[in-house]
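Work out the full structure, taking the sequences as your base and the hints as a guide.
The residues making up each chain are set out below.
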Amino acid sequence: MYKKRNDGRKFDELRPIQAKTGVVKRADGSAMFKIGNTRAIAAVYGPRELHPKFLQNPEKGVLRCNYNMMGFSGAGERVRPGPNRRAKELSMVIEKSLTPVLDLTAYPNAVIDIFIELVETDAGTRCAAICAAAMALADAGIPMKDLVTAVSVGDAEGTLCLDINAYEDCDMGATDIPIAIMPRTGEVTLLQLDGKIKKEQLKEAIKMAIKGCKEIYEIQKKALKERYQNDK
Amino acid sequence: MTSKMIRDYITSLVSKGIRDDGRKLLEYRKPMTVEYGVSPKSAEGSAKVQIGETEVVAGVKMEVMEPFPDSPDEGNLMVNVELLPLSNPEFELGPPGIEAIELARVVDRAIRESKCVDMKKLCIKKGEKVWTVVVDIYPLNDNGNLFDACALAALAAVKDAKFPHYDEKNDKIDYTKKTEKKLPIIELPASVTVLKIKDSFLIDPNYEETQIYDARLTVASLKDGTICALQKGGADSFTLEDIDKMIDIGIDKGKEFRKVLEK
Chain A
1 MYKKRNDGRK FDELRPIQAK TGVVKRADGS AMFKIGNTRA IAAVYGPREL HPKFLQNPEK
61 GVLRCNYNMM GFSGAGERVR PGPNRRAKEL SMVIEKSLTP VLDLTAYPNA VIDIFIELVE
121 TDAGTRCAAI CAAAMALADA GIPMKDLVTA VSVGDAEGTL CLDINAYEDC DMGATDIPIA
181 IMPRTGEVTL LQLDGKIKKE QLKEAIKMAI KGCKEIYEIQ KKALKERYQN DK
Chain B
1 MTSKMIRDYI TSLVSKGIRD DGRKLLEYRK PMTVEYGVSP KSAEGSAKVQ IGETEVVAGV
61 KMEVMEPFPD SPDEGNLMVN VELLPLSNPE FELGPPGIEA IELARVVDRA IRESKCVDMK
121 KLCIKKGEKV WTVVVDIYPL NDNGNLFDAC ALAALAAVKD AKFPHYDEKN DKIDYTKKTE
181 KKLPIIELPA SVTVLKIKDS FLIDPNYEET QIYDARLTVA SLKDGTICAL QKGGADSFTL
241 EDIDKMIDIG IDKGKEFRKV LEK
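Just so you know, the sequences run in chain order A and B. According to this note's numbering, the first sequence is numbered sequentially starting from 1. According to this note's numbering, the second sequence is numbered sequentially starting from 1.
Dumping the calculated DSS-like pairs for lysine-lysine here, alpha-carbon to alpha-carbon at most 30 Å:
no., chain 1, residue 1, chain 2, residue 2
1, A, K34, B, K177
2, A, K25, B, K30
3, A, K25, B, K4
4, A, K34, B, K182
5, A, K25, B, K41
6, B, K41, A, K222
7, B, K30, A, K222
8, A, K4, B, K177
Far from chain A by the CB rule (all over 12 Å, computed), these chain B residues:
no., residue
9, M5
10, R23
11, E187
12, L261
Just so you know, these hints were derived from the structure itself, not from any lab. Remember, it's a predicted structure, so these values are computed and weren't measured experimentally. Glycine included, every Cβ here is placed at the ideal spot set by N, Cα and C.
Now the structure itself:
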């Protein structure tokens, strides 16, 4: 039984969050999302012409995400540059988690590029990446049905923990369940699971994630509002 | 691609000693700042640098490796620059192009040739084990003058770096435990890139100026005025007087560069 979290949090408590938009001046939209010691920066470019040309689709635009960990951002050894299998998969699932809120048919032959860089990591990187990317899309002024908000829930020795950290994820070997939702409707746009869990427990985990996402949603909205209040 | 119109406009301004953003030719943009420890738990050392709207982060990771056969009692240094497509709409994904490679090598030389890190003190066991210092540099917002911003970020990250705990018996690094021991630094160099546009010289180019210069000279120097690395770039040539003037500017402006780093 996991009785007390190593960082002193309650089991349904998020780590401290910072969120800011407009952090990359050259980009069409950008955001920073930091949760605990995990920090993601996302920049959106586009909609712009898609190259190489054979990828262009006259019926709808393409959303293209790139997730990357900076060389010094890992907990252990240096992360070698270039996309590895993990980064490619994460780029893909992040892309799919954001697609439902966009209307890509509005951008034939075009691409919306989202580049996400992790500056420091302490578990929950794909969720932080999604939170940052959704804010960057909104900051870029791209019409969206909703924001997207994500958090990971862990099952550590039978106890559900919201927003697990690297100790719980790696050292304790918790079952890791990253979830993204569209917060207004509660629809799920990302669901992964690594480890063992019973169905009843999973239902509880999803409930816990949705509750956490609602808190994060408020922080995302606040950061977006702040940006446009300061821009007067 | 920058149009001829912008080129002519900037050139005519510069010939009158003025710039589009209101600066003098030999003036850095503001703010010029260093923020240390932007990735304090993950990296051994890290820093974010801002020069005007140009922002660069750099981080240090340390590993234990075999030394190179020609320097069995010295540590290794590796500098890597990745021109993130996040930082500039012109940059593309993929392996580093010549631009990133030159940047990394110029920063590498400033650190290496200034002997600012005492490489002998990175030796754990001669001929067998030495520390390797890897510096990864990433522009976050490219608004010109990546050469100096990358150098400043790299030096700040090196300055910020502390050794991780190393268990010599088992040859294992515990990255979660940082020691209080900083990298053995002798003296940090300054690196200033001087641009030539027609017959004028200027420093700290903004994005447009970076696109249209005729030639450039990056001057890395120490406090006492010793030059430790030079790199010429650009298609135009220099006269000997040009070189003389540019080196003087480089060394002189190096004082301001160093002040930011020493703060």
